[in-house]
Structure formats: C-alpha cells, structure tokens
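> Read off the chains here:
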Amino acid sequence: MAGMSGKRLQKELAKIQGVLPPGITLVSAPDLQTWHMDLRILDNPLYPPHDHYRLKFSFSKNYPIEAPEVVFLRLTTDPRRDIPIHPHIYSNGIICLDLLDAQGWSPVHNVESICISIQSMLASNTKDERPPGDAEFVRSNRARPRDINFLYHDPSV
Amino acid sequence: MTLRGMRRLEARRQMEESNFLLSKARSQNLNPPVDFRLLDYVTAYDDNLMCAICRCPFVDPVVLAECDHYFCRDCIRQSWGSTYSPSGPRGDCPQCRTPARLGTRSATSKILVNILDDLLVKCPKHEEGCPVSVKRGEVEDHMNIYCGYAYQECAGERCELPVRRKDADQGCLHFGVSCFDCHETMQKSTLENHWRSECAVRRVTCPRCNMHVLSKDLDSHNSETCEAVSIPCPGASIGCTSRSKRSQAQTHAKSCTFAKLAPVISSQKSRMDEQEAAQKLLSRKLEVLETGFGVMQGILYPKVSVEADDLAADESRIPFLDNSASERTLPPHHPRMFSGDSSGNALSPFDFPVPPTSRPSSAAPGVARRASPIGLPPSESAAALRQHDPIEAYNTNYDLASPGLPPPSTSGGPYVSPLHHLLSMHESLRDEMSRVNSALQELDGRHSMQTLNENLRTREEISYLGAQLAGLSRQVHWLTSTQLQRQSRSATPSAVAGSSSEMAGTSVEAAVNAVSTAATALRGAARMVSVGQGQSSSGSHGPMRRENSAEGRTKL
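In order, the protein sequence lines correspond to chains B and U. FYI, in the working numbering the residues of the first sequence are 3 to 159. FYI, in the working numbering the residues of the second sequence are 20 to 575.
These aren't lab readings, by the way, just hints derived from the structure by calculation. Glycine included, C-beta positions come from ideal geometry on N, C-alpha and C. Be careful, since some hints might not be right.
Where chain U lies over chain B, by a calculated footprint (3+ residues, C-beta under 8 Å) [stated by the list, open to error]:
1. 8 to 22
2. 83 to 95
Once the Cα atoms are required to be at most 27 Å apart in a straight line, the calculated DSSO-like pairs of lysine-lysine come out as [said to hold, decoys possible]:
3. B:Lys9 x U:Lys141
4. U:Lys264 x U:Lys279
5. U:Lys144 x B:Lys63
6. B:Lys17 x U:Lys154
7. U:Lys235 x U:Lys141
8. B:Lys13 x U:Lys144
9. U:Lys144 x U:Lys154
10. B:Lys17 x U:Lys288
11. U:Lys141 x U:Lys154
12. U:Lys235 x U:Lys207
13. U:Lys154 x B:Lys13
Construct the complete structure from the given sequences, taking the supplied hints into account.
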C-alpha cells in the first residue's frame with residue numbers, strides 16, 4: 003500500500019512541477035509526506051490578488067484512499083502568509099470542506115483538484131467573516147482536522 | 020578469544036538467522052508477486068488508460084455496472100473498504116458518486132485488457148541490474164522463467180536458500196565471505212549487490228579509461244566523466260553527426276561549426292520561443308481590445324454600421340481630397356461635408372465650410388482690396404498675406420496626409436470610416452476658417468481706425484486754413500473799401516491828395532499782391548489736403564474742400 007501511495011505522489015509531483023492552473027504554486031515538497039502550496043485568489047476583492055495563502059498538505063500512507071490533511075498556515079516571518087477570512091475557515095487554519103472529510107473524499111481527487119476547490123471556495127466568497135464560534139473552537143480544539151465532525155450545512159459554497 | 024573473533028562469531032550468528040528467515044520466505048514464495056502498480060513504464064501511455072485512483076494504467080480493470088467508469092480492481096476495493104454487502108462489493112463511484120456495484124469480469128472489454136498488456140515496462144528488478152523491458156502481460160513469465168535477477172532455489176546440497184537465477188549454476192553461494200575492501204561479512208550471493216550499490220570504499224578500474232573509480236559510482240562515471248566514452252558533438256542538436264571520445268570532444272568542438280553555433284542557436288531559439296509566447300499573448304490582448312473597441316464603436320456610432328455597405332461601396336472616395344473630383348464623387352447625402360458655396364474663392368483648393376456664425380468668406384478678398392489703396396505699410400500687408408498662408412499650409416498638409424490614411428478596409432485604424440475622417444477634417448478646417456475670419460476682422464478694424472485718425476487731423480487743418488483765409492479776405496475787403504472811399508472823397512481836391520492817393524494805391528497794390536501770394540499758398544495747401552483726402556478712403560470731405568477753395572476764389 004505504501005508503494006502505491008508513493009508512486010502516485012511521485013506522479014503528481016512530476017505533474018505539478020510542470021504546469022499548474024493560475025494562482026497555484028508549489029512551494030516545497032521535501033518528501034512524499036508534507037507538501038506546501040501557495041494559493042492566490044484572482045478575482046475576489048476580499049482577497050487582494052497579490053496576497054498568497056500557504057496550504058499545508060499532509061499525506062498518510064493510504065493517501066489516495068484516505069484524504070490528505072489540508073490546513074492553511076500562518077507564517078509570521080518572511081514571506082508572510084495569513085489565513086484567509088472565510089465563513090468556513092477557522093483562524094487556526096482548519097478548513098471545513100466536505101471534500102477533505104472521510105465521507106466527502108474520493109480517491110480520484112488529487113492535490114491540484116483540492117487546490118482548485120479551495121481556490122474556488124474562496125473566490126466565490128462574499129462574507130468577510132470567520133465561522134460562528136471561531137474563538138472558542140480555536141481555543142479548545144486539540145483534535146486533528148480529520149477527526150473533527152464537521153456539520154456540512156451550507157451547500158452554497 | 021580476541022575481540023575480533025567475538026565480532027566474527029556475532030556476524031556468523033546474524034547470518035544464520037537471516038538464512039533462516041530467507042528460507043522461511045522462500046517456502047512461501049521466492050519471488051513475491053509483481054505489483055503492477057509499481058512498474059515503470061517505458062513508453063508513454065494514453066491518459067485514458069489511467070486509473071483515476073492509482074494514476075497507473077489499469078491493472079485488472081473492472082467497470083462499474085451503473086456508471087461505466089473503469090478502475091483497477093484493487094483500487095476500487097480499497098476505496099470502498101470493508102463495507103460488506105451480500106450481493107458483492109458496493110459503494111459510490113469515486114468519480115461521479117453514483118451508488119454502484121462492480122460489473123462482472125466479462126463486462127470488461129477484452130480490447131482494453133489487450134492494450135494494457137501490450138504496454139512495455141521495465142523488469143521489476145531493473146534497479147538490481149536487469150536490463151530487460153517486456154510487455155506488461157509477460158512480466159510474470161519473465162520473472163518466473165527468464166529474469167536472471169529473480170530468485171530461485173539454490174542448487175547446493177541441502178541448501179534451501181534463494182539464489183539469483185544467473186548465479187544458480189555456480190554452485191551454492193551461501194557461505195560467508197568478507198568484502199575485500201570494507202571487510203564486511205556477508206554471503207557470497209549478496210556480494211555482487213554489495214559491490215554494486217553499497218560498498219563505500221571498493222574501487223574498480225574503468226574498462227575503457229583505466230581510471231580507478233568507486234564501484235558504486237561506475238554508472239555515473241560512464242555517463243558523465245569517463246574520458247574514453249564516445250559522446251556526440253555538442254552541435255548534434257543542429258545537425259553534426261560526428262561522435263568522438265570525451266577527451267577529444269573539446270578539440271572536435273573547436274573545429275566544428277555546428278558546435279560553435281549550437282549555443283547561439285539554442286539561445287536564439289529560446290529567445291524566439293519567449294518572443295512567440297509574448298506575441299501570442301499580445302495578439303490575444305489585441306484581439307480582445309479590438310472586439311471591445313468594435314463594440315464600443317457600435318454603441319457610439321450605430322449609424323456607421325447602418326451605412327456600412329454604402330460606405331464600402333464608395334470607399335474610393337477617400338482620396339477625393341484633390342478638389343475637383345470631390346464635388347462630383349460626393350454623394351448627395353453628405354451635404355454637411357462641403358458647403359454649397361463653391362464660388363471659387365482663392366483661399367484653398369477646397370470649398371471651405373463656413374461656420375454659420377461667421378460672416379461670408381467672400382468678404383475676405385474685399386477686405387484685402389479695400390485695405391491696399393490706403394497704403395498699408397508693406398510689412399502689414401505681408402502679414403495679412405501670411406494670415407492666409409497657414410490655410411494653404413494646412414491644405415497641403417492634408418494633401419500630404421491623405422496617402423497616410425488608414426486603408427478603408429481595415430477597421431482598426433484611427434478612424435472608423437472615411438466618413439468620420441472627413442468629418443473630423445471638416446471640423447478642423449472650420450476652426451481654422453473661423454480663426455482666419457477673426458484675424459481679418461481685427462485687421463479691418465485697425466485700418467478703419469487709422470484712416471479715421473488721419474482724416475480728423477486733415478479736417479482740422481483745413482478748417483484752420485479756411486478760417487485764416489476768411490480773416491485775410493475780410494482784411495482785403497476792408498482795405499479795398501477804404502481805398503474806394505478815399506478815391507471818391509479826393510476826386511475833386513488837389514494834387515496833394517492825388518499824390519497821397521497814389522501812395523495809397525501802391526500800398527493797396529502791395530496788399531493785393533500779398534493776398535494773391537497767400538491765395539496761391541492756400542491753393543497749394545488745399546492741393547496737399549486733397550491728395551491726403553484722396554488717400555483716405557472717406558470721400559465725404561471732397562465737397563467741403565471744393566466749397567472752401569471756391570469760396571477762396573470768389574473772395575479773391
């Protein structure tokens with residue numbers, strides 16, 4: 003199983019080192035477990051087009067079968083990266099997106115398609131706000147994103 | 020027992036342990052079944068043959084009965100996990116999320132399986148040295164029968180350990196040896212692999228260049244640094260076919276034109292690619308802008324599109340800037356373009372459109388005509404002429420400019436159509452015309468002011484002279500009357516009176532002479548004045564002058 007995950011990630015890496023959709027760039031992929039990608043939202047006034055957002059992908063050994071863990075990172079040193087404001091993104095970077103959950107995940111997704119999904123989720127956003135209960139969630143949450151039971155109530159985004 | 024002996028014993032114990040483990044593994048399977056998803060494919064394959072889950076060409080493809088999506092059998096099973104259902108595996112299609120179940124084996128197209136089995140792959144043992152590429156359908160056979168790097172049972176007496184097929188005829192190799200170079204203890208059968216990739220100190224002699232290189236670096240030595248390996252000329256990409264040993268490649272490159280040109284050409288090529296990409300981008304931008312421009316023009320001048328074919332028919336009209344043809348070729352529905360006043364004033368080869376607020380253009384020559392007899396200073400009249408010059412220059416400019424007009428067929432020019440070009444020209448000419456008109460008006464005003472001042476002075480002089488003349492004639496009258504009175508009084512008296520009257524007569528004669536000289540002087544002055552009056556444009560002073568001189572004559 004590990005072999006399959008490695009092989010597939012190698013292929014994906016080779017692909018995204020080539021051409022990527024606009025606004026998505028690979029920052030680093032030191033190994034086949036953690037990748038960093040930068041995201042840019044092109045046509046939404048809420049997110050200036052020169053602001054980049056850092057995504058961290060963590061792959062398990064069962065990668066294509068199991069969803070990767072994807073969170074936004076906040077970097078305080080140069081290059082500075084912030085966590086985009088969105089009603090489904092907590093201020094600690096955890097993204098509430100059914101695609102990244104065990105139920106919503108499908109093994110045909112890949113890093114590129116996840117990036118595009120998150121990009122479009124941000125691009126279609128019109129609310130300049132955090133999710134309800136953000137402060138409390140950020141204070142109390144110790145679970146990993148995949149172990150959180152999100153309630154997907156908003157099919158519009 | 021020395022420390023060295025102890026270590027050797029320990030190594031031996033470990034070796035026996037691994038022998039035992041290997042024999043256990045062999046009892047299950049000497050060669051583990053090939054995982055097709057880990058194979059390296061030699062040839063490029065179609066993306067449609069790729070499983071969306073493992074991103075490899077399908078391995079044992081199955082089709083989902085409900086949505087016709089294909090996956091590898093193992094992939095879809097792993098993806099669905101262990102959800103058990105009595106009617107066979109079930110789950111949602113990973114691609115379209117339709118609830119689906121696996122199709123039967125016969126549902127998979129045989130053609131697809133054949134295509135997949137014909138893909139060339141590298142032998143799974145290629146990292147250990149097997150150079151063979153086989154069709155994917157034959158990989159199992161290759162591993163089981165042919166591959167020299169696959170394992171089989173050792174031929175040695177009472178030895179059940181695996182050995183590589185190519186080493187099988189060398190007898191049992193399962194005895195301990197120690198590497199010459201690093202003194203590591205291992206089995207003879209693994210020594211080759213150790214030398215090939217692990218031993219950090221073993222050096223071998225390159226068979227070609229006789230250089231000592233690290234054994235594990237031999238491959239890279241051959242491909243990168245070996246002096247005796249023959250490599251193609253650096254100019255091979257642009258046509259040089261020669262190959263030479265790496266050591267002589269430099270000398271060849273010095274004499275080879277291709278090698279000299281190669282970097283230049285490659286840099287040119289990359290630049291050209293860059294330019295082409297940029298150009299493509301720009302042309303796309305231009306296209307977008309042009310469409311936008313066209314749309315905007317459509318909004319601004321909807322008439323143009325209505326008259327488009329009309330204009331297209333008369334496009335030869337654009338060079339109508341040579342004057343005479345213009346009148347004829349102008350269609351009647353362009354009355355605004357040129358005013359109907361074609362009476363041929365000499366200002367320009369065109370008929371100038373006259374702004375309705377300004378006075379008629381025919382006034383301009385009149386002004387010039389009237390101005391000249393007053394005796395304008397030559398510099399001023401030249402300036403007046405120069406006032407016309409810009410118009411002429413303007414016209415010639417336009418004539419020069421007309422060949423530079425955008426060809427009427429292209430819509431991307433500065434003007435959307437000949438009509439618009441002409442309208443703009445018309446506007447600018449009208450501006451010029453009104454400027455000239457105002458200049459002429461100003462000049463005219465100046466002239467009349469000057470004339471007025473001149474006349475005023477002359478009139479004052481004349482009236483002064485007239486007054487003097489009247490005084491003089493009064494005096495003469497008085498003198499004559501006293502003379503006559505004196506003569507009538509002393510007609511009878513003595514000669515004394517006669518002599519005195521004679522004296523008076525001479526004095527009167529002198530006075531008359533003086534008056535007559537004064538009259539000639541006055542006449543000269545009057546002539547002068549009349550000349551001045553002739554110069555002035557006002558003829559109203561003529562009768563008065565004549566009156567004055569007649570009066571003077573009658574008085575005399």
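> All the hints need checking, so say for each whether the structure fits it.
A quick look at each hint next to the structure:
Coverage of the segment 8 to 22 of chain B by chain U holds in this model, with 4 residues showing a Cβ closer than 8 Å to a Cβ of that chain against a need of three. Check on the segment 83 to 95 of chain B: 0 of its residues sit with their Cβ under 8 Å from a Cβ of chain U, so the three-residue criterion for coverage is violated. Distance restraint check for lysine 9 of chain B and lysine 141 of chain U: the Cα-Cα separation of roughly 15 Å lies within the 27 Å cut-off, and the hinted pair is therefore satisfied. Of the supplied pair hints, the one linking lysine 264 of chain U and lysine 279 of chain U holds, its CA atoms being roughly 18 Å apart against a limit of 27 Å.
Annotation: proposed proximity of lysine 144 of chain U to lysine 63 of chain B holds, straight-line Cα distance about 24 Å (limit 27 Å). A hinted pair counts as satisfied when its Cα atoms are at most 27 Å apart, and lysine 17 of chain B with lysine 154 of chain U qualifies at roughly 25 Å. For the hint pairing lysine 235 of chain U with lysine 141 of chain U, the CA-to-CA distance comes to about 21 Å; that is within 27 Å, so the pair holds. The straight-line distance between the Cα atoms of lysine 13 of chain B and lysine 144 of chain U is roughly 20 Å, inside the 27 Å bound, and the hint therefore holds.
Distance check on the hinted pair: lysine 144 of chain U and lysine 154 of chain U sit about 15 Å apart at the alpha-carbon level, within 27 Å; holds. For the suggested pair lysine 17 of chain B and lysine 288 of chain U, the alpha carbons sit about 25 Å apart, so the restraint of at most 27 Å is met. The hinted pair formed by lysine 141 of chain U and lysine 154 of chain U meets the criterion: a straight-line CA distance of about 9 Å does not exceed 27 Å. Note on lysine 235 of chain U and lysine 207 of chain U: the hinted pairing holds, with a Cα-Cα distance of about 18 Å set against a maximum of 27 Å.
For the hint pairing lysine 154 of chain U with lysine 13 of chain B, the CA-to-CA distance comes to about 21 Å; that is within 27 Å, so the pair holds.
Taken one by one, the earlier hints fail for this structure only at number 2.
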